[in-house]
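K.L.:
Assemble the complex: chain A is given as a structure, and chain E must be docked to it using the hints.
Residue-level listing of the chains:
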Amino acid sequence: DQQVKQNSPSLSVQEGRISILNCDYTNSMFDYFLWYKKYPAEGPTFLISISSIKDKNEDGRFTVFLNKSAKHLSLHIVPSQPGDSAVYFCAALAAQKLVFGQGTRLTINP
Amino acid sequence: NAGVTQTPKFRILKIGQSMTLQCTQDMNHNYMYWYRQDPGMGLKLIYYSVGAGITDKGEVPNGYNVSRSTTEDFPLRLELAAPSQTSVYFCASSYVGEQYFGPGTRLTVT
Chain A
4 DQQVKQNSPS LSVQEGRISI LNCDYTNSMF DYFLWYKKYP AEGPTFLISI
54 SSIKDKNEDG RFTVFLNKSA KHLSLHIVPS QPGDSAVYFC AALAAQKLVF
104 GQGTRLTINP
Chain E
52 NAGVTQTPKF RILKIGQSMT LQCTQDMNHN YMYWYRQDPG MGLKLIYYSV
102 GAGITDKGEV PNGYNVSRST TEDFPLRLEL AAPSQTSVYF CASSYVGEQY
152 FGPGTRLTVT
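Those protein sequence lines, which keep their order, are chains A and E. Quick note on the working numbering: the first sequence kicks off at 4 and runs consecutively. Quick note on the working numbering: the second sequence kicks off at 52 and runs consecutively.
Treat the hints as calculated values from the structure; they're not laboratory data. Note that CB positions come from ideal geometry on N, CA and C, so glycine has one too. There could be a bad hint or two in this list.
Simulated restraints on C-beta separations [to be verified]:
1) 99/A with 56/E: 34 to 40 Å
2) 124/E with 14/A: 36 to 42 Å
3) 55/A with 77/E: 28 to 34 Å
4) 86/A with 159/E: 26 to 32 Å
5) 18/A with 114/E: 41 to 47 Å
6) 20/A with 116/E: 46 to 52 Å
7) 12/A with 102/E: 25 to 31 Å
8) 6/A with 61/E: 30 to 36 Å
9) 128/E with 13/A: 34 to 40 Å
10) 77/E with 98/A: 31 to 37 Å
Below, computed lysine-lysine pairings styled on BS3-like, alpha-carbon distance capped at 30 Å [to be verified]:
11) 57/A with 71/A
12) 100/A with 108/E
13) 95/E with 59/A
14) 59/A with 8/A
15) 95/E with 71/A
16) 100/A with 60/E
17) 108/E with 65/E
18) 57/A with 95/E
19) 71/A with 60/E
20) 8/A with 100/A
21) 108/E with 74/A
22) 95/E with 60/E
23) 57/A with 8/A
24) 95/E with 74/A
25) 100/A with 95/E
26) 59/A with 74/A
27) 60/E with 108/E
28) 95/E with 65/E
29) 100/A with 71/A
30) 95/E with 108/E
31) 57/A with 74/A
32) 108/E with 8/A
33) 100/A with 59/A
34) 100/A with 57/A
35) 59/A with 71/A
36) 74/A with 100/A
37) 8/A with 95/E
38) 74/A with 8/A
Bound conformation, chain A alone (with noise of 0.2 Å):
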């Protein structure tokens, strides 16, 4: 029973052009969703977070859109740079409790 789904295990873009990670769920009752970044041999660190009263969130080169009908949201990152490749997690918050997806590795081209 996958509550949080990344159905793609890697993306490959060019540098300087965006980069667009999607997460699907399942329980309406998530409230809060989370981007966490990973690089390896390394802990996930917070990247971004939105609210389920929100659709969007921005910090800089990065963007979060929720979509709560659909059940879906999507990370974007533009321009994409060398420093973004990383394994990057999907998860979502219940009751102080996290729900991970799988991750997607992201590997930014030159």
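P.N.:
Same frame as chain A, but now just chain E:
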């Protein structure tokens, strides 16, 4: 602030051995968590704590035990190590919303 620290970074255990993974946070967070991450998978919650003296099971608690005697420390105990417990273990803490992760402990059971 050191944030969330974990020791050891790496450990190899023989089947049936026991060990304790240490986790300390200096942010005065009430909530603390233990996750495991298997290859190609997202993080799965093992145990969590909402404050000193209070712990509860997560999604995959079997084979593990925790205690929370102080706000700062949240050790994870493996009593009888099994090969299925080979994984990377992450500790996290939060006040509300986003969680902050430690660097992880890579555990191999052979």
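K.L.:
Hints first: check each against the structure and report whether it holds.
P.N.:
The hints, checked one at a time:
no.: 1; hint: 99/A with 56/E: 34 to 40 Å; verdict: violated (22 Å)
no.: 2; hint: 124/E with 14/A: 36 to 42 Å; verdict: holds (38 Å)
no.: 3; hint: 55/A with 77/E: 28 to 34 Å; verdict: holds (31 Å)
no.: 4; hint: 86/A with 159/E: 26 to 32 Å; verdict: holds (30 Å)
no.: 5; hint: 18/A with 114/E: 41 to 47 Å; verdict: holds (44 Å)
no.: 6; hint: 20/A with 116/E: 46 to 52 Å; verdict: holds (48 Å)
no.: 7; hint: 12/A with 102/E: 25 to 31 Å; verdict: violated (37 Å)
no.: 8; hint: 6/A with 61/E: 30 to 36 Å; verdict: holds (31 Å)
no.: 9; hint: 128/E with 13/A: 34 to 40 Å; verdict: holds (36 Å)
no.: 10; hint: 77/E with 98/A: 31 to 37 Å; verdict: violated (25 Å)
no.: 11; hint: 57/A with 71/A; verdict: holds (9 Å)
no.: 12; hint: 100/A with 108/E; verdict: holds (11 Å)
no.: 13; hint: 95/E with 59/A; verdict: holds (27 Å)
no.: 14; hint: 59/A with 8/A; verdict: holds (20 Å)
no.: 15; hint: 95/E with 71/A; verdict: holds (24 Å)
no.: 16; hint: 100/A with 60/E; verdict: holds (25 Å)
no.: 17; hint: 108/E with 65/E; verdict: holds (25 Å)
no.: 18; hint: 57/A with 95/E; verdict: holds (27 Å)
no.: 19; hint: 71/A with 60/E; verdict: violated (39 Å)
no.: 20; hint: 8/A with 100/A; verdict: holds (16 Å)
no.: 21; hint: 108/E with 74/A; verdict: holds (27 Å)
no.: 22; hint: 95/E with 60/E; verdict: holds (19 Å)
no.: 23; hint: 57/A with 8/A; verdict: holds (21 Å)
no.: 24; hint: 95/E with 74/A; verdict: holds (21 Å)
no.: 25; hint: 100/A with 95/E; verdict: holds (11 Å)
no.: 26; hint: 59/A with 74/A; verdict: holds (14 Å)
no.: 27; hint: 60/E with 108/E; verdict: holds (24 Å)
no.: 28; hint: 95/E with 65/E; verdict: holds (23 Å)
no.: 29; hint: 100/A with 71/A; verdict: holds (20 Å)
no.: 30; hint: 95/E with 108/E; verdict: holds (12 Å)
no.: 31; hint: 57/A with 74/A; verdict: holds (13 Å)
no.: 32; hint: 108/E with 8/A; verdict: holds (22 Å)
no.: 33; hint: 100/A with 59/A; verdict: holds (22 Å)
no.: 34; hint: 100/A with 57/A; verdict: holds (20 Å)
no.: 35; hint: 59/A with 71/A; verdict: holds (11 Å)
no.: 36; hint: 74/A with 100/A; verdict: holds (18 Å)
no.: 37; hint: 8/A with 95/E; verdict: holds (13 Å)
no.: 38; hint: 74/A with 8/A; verdict: holds (11 Å)
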